[in-house]
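Build out the structure end to end from the sequences listed, making use of the hints.
Protein chains: 2
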Amino acid sequence: MSTRPTVTLYIAISLDGFIIRPKGQLEWLSKDNKTDEDYGYNAFFSRMDGLIMGRNTFDDVLSLGVWPYSGKTAYVLTDQDDINADGVIPFTGTGEELMAQIGQQHQQLWLVGGSETVKGFLNHGLVDEVILSLLPVTKGEGNPLFLPTGRQQPWKLAGMRTFGSGLVQLHYHKEAA
Amino acid sequence: MSTRPTVTLYIAISLDGFIIRPKGQLEWLSKDNKTDEDYGYNAFFSRMDGLIMGRNTFDDVLSLGVWPYSGKTAYVLTDQDDINADGVIPFTGTGEELMAQIGQQHQQLWLVGGSETVKGFLNHGLVDEVILSLLPVTKGEGNPLFLPTGRQQPWKLAGMRTFGSGLVQLHYHKEAA
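Chains as they are written, first to last, in the numbering used here: chain A, 105 to 281; chain B, 105 to 281.
I should point out that these hints are in silico values taken from the structure, not numbers from a laboratory.
One should not assume that every hint holds.
A pair holds if it fits inside one copy or across any two, identical chains being indistinguishable in the list.
[Unchecked claim] Below 30 Å or equal to it, Euclidean Cα-Cα: the simulated DSSO-like pairs (lysine-lysine) are:
no.: 1; residue 1: Lys260; residue 2: Lys135
no.: 2; residue 1: Lys278; residue 2: Lys135
no.: 3; residue 1: Lys127; residue 2: Lys223
Here is the structure:
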């Protein structure tokens, strides 16, 4: 049995690998017209009991004006311990140190992003599951989800779904390297 | 009707977006054991009547010791006009200039890679079709397929296939921007 919670990287990217930021996600979902299609988000969200994100992602989400993660503890990796918000726990160390501190307090953690935070987790083999939503667009610019880590890691394809909008959702589990 | 040939970007990348180079492809295919599975390659290859690649990709393929594209004209974008090989046409201009020169000599061109060549084609809206083979591995380093172009482009999902090895093949057609 694992002595730490499962970490799931669940994120939307463009076909050319750039992170779709929260505002871009809302724009794309509304452009799509199918406002009743949640792409499995609610089922995923209720499966998670905590969130991890970097400071830039946190600030990005805050800029939406509504905190969409109420009811779940959110850990924010940040250099500046200046966050004071309900249910949000700032952490001024590495992802590895955060995971050690969290210990058994959570079972299922959602790794929200962004690039630097994901890099740190991948680099230490701390991502157990990847759910990528691939939007049918090449953005041509932005923050690439995957930065070089120097670490190779095989994954097992656990499933995939396509949607009428052209979104492809790919689901992977970590394999023994 | 189009006044130029259709250009298809057909390429294998890792889950983290790095190009799987020819040697890496062979290694992966042999590791997979299913040597009778060609992932649709032969059907695709016979549909093409010409190839375009950059100089680094050309040198990479040459290093295999066997030229795998016999019978199809291969255009190589290169700064140094020092290539003298059967069926290989060096071209010392941009992708846009090459397409203008090719004109109606071809119907279906395979854009083989690499990053810089693909960037030039995407940047000028010269890619009509994308077939991405996504290997179930994060490589952690290499040449990213998609460099920033500054150009946003929507795509229409035309199909997808999964294989027992975990390879996912995604097929897109260009959409009006």
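Verification of the supplied hints:
1. Lys260 / Lys135: Between copies, since 15 Å is at most 30 Å while 33 Å is not.
2. Lys278 / Lys135: between (34 Å within a copy, 18 Å between copies)
3. Lys127 / Lys223: both (22 Å within a copy, 26 Å between copies)
Of the numbered hints stated above, none is contradicted by the structure.
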